[in-house]
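Let the hints inform the model, and build the full structure from the sequences given.
The listed protein sequences correspond, in order, to chains U and P.
For reference, each letter of the first sequence is one residue, going 1 to 113 in the numbering used here.
For reference, each letter of the second sequence is one residue, going 1 to 111 in the numbering used here.
These aren't lab readings, by the way, just hints derived from the structure by calculation.
All the pointers check out, no bait thrown in.
To give a feel for the contact side, a few chain U residues facing chain P, derived at Cβ under 8 Å: (1) 42; (2) 43; (3) 90; (4) 98; (5) 99; (6) 106; (7) 107.
With a cut-off of at most 20 Å between alpha-carbon atoms, the simulated SDA-like pairs for lysine to any residue come out as follows: (8) U:9 <-> U:79; (9) P:38 <-> U:106; (10) P:38 <-> P:22; (11) P:3 <-> U:100.
Cβ atoms here follow ideal geometry from the backbone N, Cα and C, with glycine treated the same way.
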Amino acid sequence: DGGITQSPKYLFRKEGQNVTLSCEQNLNHDAMYWYRQDPGQGLRLIYYSQIVNDFQKGDIAEGYSVSREKKESFPLTVTSAQKNPTAFYLCASSTTSISVRQFFGPGTRLTVL
Amino acid sequence: AQKVTQAQTEISVVEKEDVTLDCVYETRDTTYYLFWYKQPPSGELVFLIRRNSFDEQNEISGRYSWNFQKSTSSFNFTITASQVVDSAVYFCALRHNQFYFGTGTSLTVIP
Numbered sequence: 001d002g003g004i005t006q007s008p009k010y011l012f013r014k015e016g017q018n019v020t021l022s023c024e025q026n027l028n029h030d031a032m033y034w035y036r037q038d039p040g041q042g043l044r045l046i047y048y049s050q051i052v053n054d055f056q057k058g059d060i061a062e063g064y065s066v067s068r069e070k071k072e073s074f075p076l077t078v079t080s081a082q083k084n085p086t087a088f089y090l091c092a093s094s095t096t097s098i099s100v101r102q103f104f105g106p107g108t109r110l111t112v113l
Numbered sequence: 001a002q003k004v005t006q007a008q009t010e011i012s013v014v015e016k017e018d019v020t021l022d023c024v025y026e027t028r029d030t031t032y033y034l035f036w037y038k039q040p041p042s043g044e045l046v047f048l049i050r051r052n053s054f055d056e057q058n059e060i061s062g063r064y065s066w067n068f069q070k071s072t073s074s075f076n077f078t079i080t081a082s083q084v085v086d087s088a089v090y091f092c093a094l095r096h097n098q099f100y101f102g103t104g105t106s107l108t109v110i111p
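The following block contains the structure:
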């Protein structure tokens, strides 16, 4: 089945540690996205990539980094510079055609202790 | 500038009541797409509907219906005879080149 996988579902880290969230898609989509969602809040765009080896900052990129070495993969690293990293992180993908919706992964809930 | 506004932050209804979730958007583009997603407590966003800017026909799918009006830049979502399983956060989104999401409406259906 085609789709997006994010692992793990729940992640716990100590304060000051970097952590990488995985996102893989087998939909052959060019574009991939990372969103952050805080309790009771909407989706905020962290980073997006429309092609391999290229990515752009979203609205809240500070304290995060990404890479896009393969079309299928778009990992997100939450660095120690992110002041409040505890949140729910959603990965999405789409084609570059504006008629196509975003497909979302199941999300990773990150808790920093 | 593109923008999506969902003014209703939280709504509570009693089961079997009808409920309408509002979505107002702003764009200067003539070609764009509108979407609704449902986010149940599990967290994953579930796609509900897509509508392009040239198609103002209303859509009905079971208990769900959508009313798209370009004159008022609105794309409202109605659930008829609500059920407890409809409890979720609902997001409206606009796409021209990028995606723009509203802040979501949290719907609670009380049994």
